[in-house]
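Engineer: Residues per chain are reported as follows:
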Amino acid sequence: MSGVSVTKGSKDAVPAAGDLVVLSNVNKHFGALHVLQDIDLTIARGEVVVVIGPSGSGKSTLCRTINRLETIDSGTITIDDRPLPQEGKELARLRADVGMVFQSFNLFAHKTVLENVMLGQVKVRRTEKKAAETKARALLDRVGVGTQADKYPAQLSGGQQQRVAIARALAMDPKVMLFDEPTSALDPEMINEVLEVMQQLARDGMTMVVVTHEMGFARSAANRVVFMADGKIVEQATPEEFFSNPRSDRAKDFLSKILHH
Amino acid sequence: MNVLLDHFPEFRDGFIGTVSITAVSSVIALVLGVLVAGFRVSPVPPLRFFGTLWVNLLRNTPLTLLFLVSFFVVPEIFFPGMSPFVLGALALGFYTSAFVAEAVRSGISTVPLGQAEAARSLGMTFSQTLRMIVLPQATRTVLPPLSSIFIALTKNSAIAGAFSVTELFGWTTLMSEQGYAIGPIFVWVAAAYLVVTFSISGIFRVLERRMEVAR
Numbered sequence: 001m002s003g004v005s006v007t008k009g010s011k012d013a014v015p016a017a018g019d020l021v022v023l024s025n026v027n028k029h030f031g032a033l034h035v036l037q038d039i040d041l042t043i044a045r046g047e048v049v050v051v052i053g054p055s056g057s058g059k060s061t062l063c064r065t066i067n068r069l070e071t072i073d074s075g076t077i078t079i080d081d082r083p084l085p086q087e088g089k090e091l092a093r094l095r096a097d098v099g100m101v102f103q104s105f106n107l108f109a110h111k112t113v114l115e116n117v118m119l120g121q122v123k124v125r126r127t128e129k130k131a132a133e134t135k136a137r138a139l140l141d142r143v144g145v146g147t148q149a150d151k152y153p154a155q156l157s158g159g160q161q162q163r164v165a166i167a168r169a170l171a172m173d174p175k176v177m178l179f180d181e182p183t184s185a186l187d188p189e190m191i192n193e194v195l196e197v198m199q200q201l202a203r204d205g206m207t208m209v210v211v212t213h214e215m216g217f218a219r220s221a222a223n224r225v226v227f228m229a230d231g232k233i234v235e236q237a238t239p240e241e242f243f244s245n246p247r248s249d250r251a252k253d254f255l256s257k258i259l260h261h
Numbered sequence: 001m002n003v004l005l006d007h008f009p010e011f012r013d014g015f016i017g018t019v020s021i022t023a024v025s026s027v028i029a030l031v032l033g034v035l036v037a038g039f040r041v042s043p044v045p046p047l048r049f050f051g052t053l054w055v056n057l058l059r060n061t062p063l064t065l066l067f068l069v070s071f072f073v074v075p076e077i078f079f080p081g082m083s084p085f086v087l088g089a090l091a092l093g094f095y096t097s098a099f100v101a102e103a104v105r106s107g108i109s110t111v112p113l114g115q116a117e118a119a120r121s122l123g124m125t126f127s128q129t130l131r132m133i134v135l136p137q138a139t140r141t142v143l144p145p146l147s148s149i150f151i152a153l154t155k156n157s158a159i160a161g162a163f164s165v166t167e168l169f170g171w172t173t174l175m176s177e178q179g180y181a182i183g184p185i186f187v188w189v190a191a192a193y194l195v196v197t198f199s200i201s202g203i204f205r206v207l208e209r210r211m212e213v214a215r
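If you're matching them up, the sequences are chains A and B in order.
The numbering used here puts the last residue of the first sequence at 261; the count rises by one with no breaks.
The numbering used here puts the last residue of the second sequence at 215; the count rises by one with no breaks.
Just so you know, these hints were derived from the structure itself, not from any lab.
Treat the hints loosely; a few may be bogus.
As the list claims (entries may be wrong) - Cross-link-like lysine to aspartate or glutamate pairs, in silico, DMTMM-like; alpha carbons within 20 Å at most: (1) Lys151/A - Glu212/B; (2) Lys129/A - Asp173/A; (3) Lys89/A - Glu117/B.
With these hints in hand, go ahead and build the complete structure from the sequences.
Structural biologist: This is the structure in structure tokens:
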């Protein structure tokens, strides 16, 4: 556990009305493996949902289906009441509204940090270069890497790269942010700097879906914890409920393995 | 020795011919090759099919046969009155584009998948992702095989000589018909080809080195 202790901000505030992301009856197979089984999940505007579970439980896949990086076999996914379109221009437009942060950062290796944060604004949003640069620099300052703007991603530490990746996603003014194990590839001493940025985002009211193994983050920033195992959502509860009094045996087993050492 | 001095203007014209047909068909091959490589990795099945067909058809056809088609079928059916130079450049360019496409495709697959995923999740379209993110990063890996492909193209351009395009190899036929000894003729022609092919490898070496510092 990273031991991030930040006061719960948006947690007690009631999320703004309306469902932003709705998955209903979603199924997906990887060959014979049934990775997502009848998934129903609704994420309200402003809500921070943390998805936890053992490896191979399908939580990353779930996260990736929301912006259709993974296709689904059956069921429906809607974002802002619009079903996910087929691959093409319309899907590209929708993806621009859904920020994604990857485990392995995936910053564009041939572009500087600043260019990474400007690219989407200029090429997708058609923002003017000047305005895009101003915004990019402001976002880089906000995540604490403003001084690194002219370096290439490879010259940055993992924690810095991940914060740039968050800034890159934020530059598109997304309606929802997806985090696919954002701290799993980081050295322990860099996890906190990334989690702090995410805490701040949560406090500012961003709708977030976070797949993570950071229980500290789940406790302090989540409105809701979704526990997945073997391709199913086993349990959903507030962090207090989930961590102090898990209902399912699967969750009890999982928590006993990770919390007591 | 005499053969070069006696017929230097023809030799020079041949050299210029080889350089120009190589240059023009290189451009055709590069443009078509990158385009077809894009088709081959496209999410649209008909484009993928077209790309695969293009590569397999052109790569597996003997170049001489393509020249025959280009010189005797294309003018009859499509565009009459094209110069031998244009027809030759088209045949060479189309043929080589299949090899360029495969080299570029191999370069595309060396770029980590996450790069394209990140671009797509920013809302970039497939072609934006390919042009702005994947191809620039694939370029460095593609350069060494491209260099070989263009050297092969230079030497393949000799076939155009048989189809009345003025180029280096045609000069050998011309000279031997005039009774010059074949040995010296070949030495001079080989030297001229070496100038072109060494220039190509030199250009690519410079490009490779420049790409290295870019990161």
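Engineer: For every hint, state whether the structure bears it out.
Structural biologist: How the hints compare with the structure:
no.	hint	in the structure
1	Lys151/A - Glu212/B	holds (16 Å)
2	Lys129/A - Asp173/A	holds (16 Å)
3	Lys89/A - Glu117/B	holds (15 Å)
Hint compliance for this structure: no hint is broken.
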